[in-house]
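Enquirer: Start from the sequences, fold in the hints, and give me the full structure.
There are 2 protein chains.
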Amino acid sequence: MSDQLRLWVVLIEPRTPGNIGTAARAIKNFGLSGLVLVDPPTAATAGEARAFAGQAREDVLPAAETASLDAVVDRFHTIGTTATLPVRGDDHVRTPATTPTALCDSLASTVGDVAVVFGRERDGLTNAELALMDEVCTIPADPTYPVLNLGQAVTVMAYALRPLLADAPHARGPPTPLADPAATQQLYTYLQQLVELVEPKEHKRAKTGRMLRRIFGRAHLTAGEVATLTGVIRRSIAAVRD
Amino acid sequence: MSDQLRLWVVLIEPRTPGNIGTAARAIKNFGLSGLVLVDPPTAATAGEARAFAGQAREDVLPAAETASLDAVVDRFHTIGTTATLPVRGDDHVRTPATTPTALCDSLASTVGDVAVVFGRERDGLTNAELALMDEVCTIPADPTYPVLNLGQAVTVMAYALRPLLADAPHARGPPTPLADPAATQQLYTYLQQLVELVEPKEHKRAKTGRMLRRIFGRAHLTAGEVATLTGVIRRSIAAVRD
Chain A
11 MSDQLRLWVV
21 LIEPRTPGNI
31 GTAARAIKNF
41 GLSGLVLVDP
51 PTAATAGEAR
61 AFAGQAREDV
71 LPAAETASLD
81 AVVDRFHTIG
91 TTATLPVRGD
101 DHVRTPATTP
111 TALCDSLAST
121 VGDVAVVFGR
131 ERDGLTNAEL
141 ALMDEVCTIP
151 ADPTYPVLNL
161 GQAVTVMAYA
171 LRPLLADAPH
181 ARGPPTPLAD
191 PAATQQLYTY
201 LQQLVELVEP
211 KEHKRAKTGR
221 MLRRIFGRAH
231 LTAGEVATLT
241 GVIRRSIAAV
251 RD
Chain B
11 MSDQLRLWVV
21 LIEPRTPGNI
31 GTAARAIKNF
41 GLSGLVLVDP
51 PTAATAGEAR
61 AFAGQAREDV
71 LPAAETASLD
81 AVVDRFHTIG
91 TTATLPVRGD
101 DHVRTPATTP
111 TALCDSLAST
121 VGDVAVVFGR
131 ERDGLTNAEL
141 ALMDEVCTIP
151 ADPTYPVLNL
161 GQAVTVMAYA
171 LRPLLADAPH
181 ARGPPTPLAD
191 PAATQQLYTY
201 LQQLVELVEP
211 KEHKRAKTGR
221 MLRRIFGRAH
231 LTAGEVATLT
241 GVIRRSIAAV
251 RD
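Protein sequence lines, in the order shown, are assigned to chains A and B. Per this note's numbering, the first sequence starts with residue 11, numbered consecutively. Per this note's numbering, the second sequence starts with residue 11, numbered consecutively.
In case anyone wonders, no lab produced these hints; they're calculated from the structure. Check the hints yourself; a few may be wrong.
Pairs involving identical chains hold if they fit within one copy or between any two copies, as the list cannot separate such chains.
Claimed, not checked - Think about it this way: if two alpha-carbon atoms lie no more than 20 Å apart in a straight line, the pair counts; the simulated SDA-like pairs of lysine to any residue are:
1. LYS217 to ALA229
2. LYS211 to VAL250
3. LYS217 to LEU142
4. LYS211 to THR199
5. LYS217 to ALA141
6. LYS214 to SER43
7. LYS214 to ALA138
8. LYS214 to THR238
9. LYS214 to TYR198
10. LYS214 to THR232
11. LYS211 to LEU79
12. LYS214 to ALA237
13. LYS217 to GLN203
14. LYS217 to ALA233
15. LYS217 to THR238
16. LYS217 to ASN137
Please read these numbers as outputs of a predicted model, since none were measured by experiment.
Expert: Structure (structure tokens):
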């Protein structure tokens, strides 16, 4: 158990080593904890990545971990980033989108491991990936061209969330530890089971499950809350099946 | 005379065209007015600069102006940026250094042309250049490695000062109307009914109900979320009672 909030950067299928290096530099510049790569290119932390990393070539870049997205979701409270504005029929994949400023408020007293997750240079995160995130964040930008370069997006998020770090000067309330992400994932599985049991319209079930995940994601559940909620949902499932 | 604030980026003796392109992209991403180059390299807006500029290669980059520092100082309210902490005998060259957040407050009612001025990749702004600036700003960063890459520094300043722009309605994120409180109260009533049905320990029921209310309370539910949640809970109650 931890008594502070740690921020990590996760890059999914980055293709440009320069962006990986830029991300590593931003992590070091703003005092984040580390870099996790999902399906990185070969030599992801060599060559051009080192050239862009500055002094982070000595620590953050060589320490970058490789992991699956499932492992990321089990280990971190995840914040997916997207430049795409919500569209009609979005079905809770991108909505409601929060902002870095709002995250600084809502996570102000949270402790634990939080990952900011970025998608591919060209396409960002897929809808399936976004659906796995606990929260979705959009960087406020000009509507005529809101798509940031990947390295720039990481830099902005690292800057904007730095006030959350324990060594950054700020005022905060008593710490609230996040629940174990794996336990939260288990809760989501039970919630989906309950929805399957009670929602007669099959086409609504996935959408409702995503909505529930978003609601609980932005509530930043504690371990005790996850345990109690899991108990209520499991008993409801058992009672429905009786 | 103008009735709004416009933000410009000035780069003094930039040497890496990629950084010039990154600056142009940040200017377009965050809706700033334009780019001014002082003593740029040859072909400053071609080749690699275009590759890094994204869609800004079509407008911001080719429209970049070249000017002397004296001309910049005569035309703009200037904010010099520096990562360097004040040193003894600094004689007010770097002090007092403001921050982007403080600038957003102090410039909130300002209109006119404001330039954020960045120095060389390796050395930043000289003391003589800093002495010409109206204000000096430092980006809050980790003291062990506060030196940002030039393109990243421009991106952070563009993001951080965007709330000053009159046409930035998204600075606080899209407005999210809260659900009708009466509908939310009705949801809480159903939640309590479900807890009564499935929680065997009577003394836990009220406490669990309060916990659920707090979780949903801090999630700031929308009308659609309340409607969907209410449907799931009502159907669960009906299924349990069957």
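Enquirer: Now look at each hint and say whether the structure bears it out.
Expert: So, going through the hints one by one against the coordinates:
1. In this assembly of identical chains, LYS217 and ALA229 lie within 20 Å of each other by CA distance both inside one copy and across copies; the values are 19 Å within and 18 Å between.
2. Taking identical chains as interchangeable, the C-alpha atoms of LYS211 and VAL250 lie at most 20 Å apart whether they share a chain (17 Å) or sit on different chains (18 Å).
3. In this assembly of identical chains, the alpha carbons of LYS217 and LEU142 lie at most 20 Å apart only when taken from the same copy (12 Å versus 30 Å across copies).
4. When the C-alpha separation of LYS211 and THR199 is checked against a cutoff of 20 Å, the pair qualifies only within one copy, where the shortest distance is 19 Å, while the shortest distance between copies is 24 Å.
5. For the identical chains of this complex, LYS217 and ALA141 are intra-copy neighbours only, at 9 Å inside a copy versus 31 Å across copies, given an alpha-carbon limit of 20 Å.
6. With identical chains, the CA atoms of LYS214 and SER43 are never at most 20 Å apart, being 39 Å at best within one copy and 39 Å at best between copies.
7. In this assembly of identical chains, the alpha carbons of LYS214 and ALA138 lie at most 20 Å apart only when taken from the same copy (16 Å versus 37 Å across copies).
8. Taking the shortest Cα distances, LYS214 and THR238 sit within 20 Å of each other only across copies (10 Å), while inside one copy they are farther apart (26 Å).
9. Taking CA atoms no more than 20 Å apart as the test, LYS214 paired with TYR198 passes inside one copy only; the shortest distance there is 16 Å, against 22 Å between copies.
10. Within a single copy, LYS214 and THR232 get their C-alpha atoms only as close as 28 Å, which misses the 20 Å cut-off; across copies the closest is 18 Å, which meets it.
11. Taking the shortest alpha-carbon separations for LYS211 and LEU79, neither the intra-copy value of 30 Å nor the inter-copy value of 38 Å comes in at or below 20 Å.
12. Proximity of LYS214 to ALA237 under the C-alpha cut-off of 20 Å is restricted to the inter-copy arrangement: shortest distance 13 Å between copies versus 26 Å within a copy.
13. When the C-alpha separation of LYS217 and GLN203 is checked against a cutoff of 20 Å, the pair qualifies only within one copy, where the shortest distance is 13 Å, while the shortest distance between copies is 25 Å.
14. Taking the shortest alpha-carbon separations for LYS217 and ALA233, only the inter-copy value of 16 Å comes in at or below 20 Å, while the best intra-copy value is 25 Å.
15. Only between protomers do LYS217 and THR238 lie at most 20 Å apart by alpha-carbon distance; the minimum there is 10 Å, versus 24 Å within a single protomer.
16. For a Cα distance limit of 20 Å, the shortest separation of LYS217 from ASN137 inside one copy, 12 Å, qualifies, whereas the shortest one across copies, 37 Å, does not.
Of the numbered hints listed earlier, those contradicted by the structure are 6 and 11.
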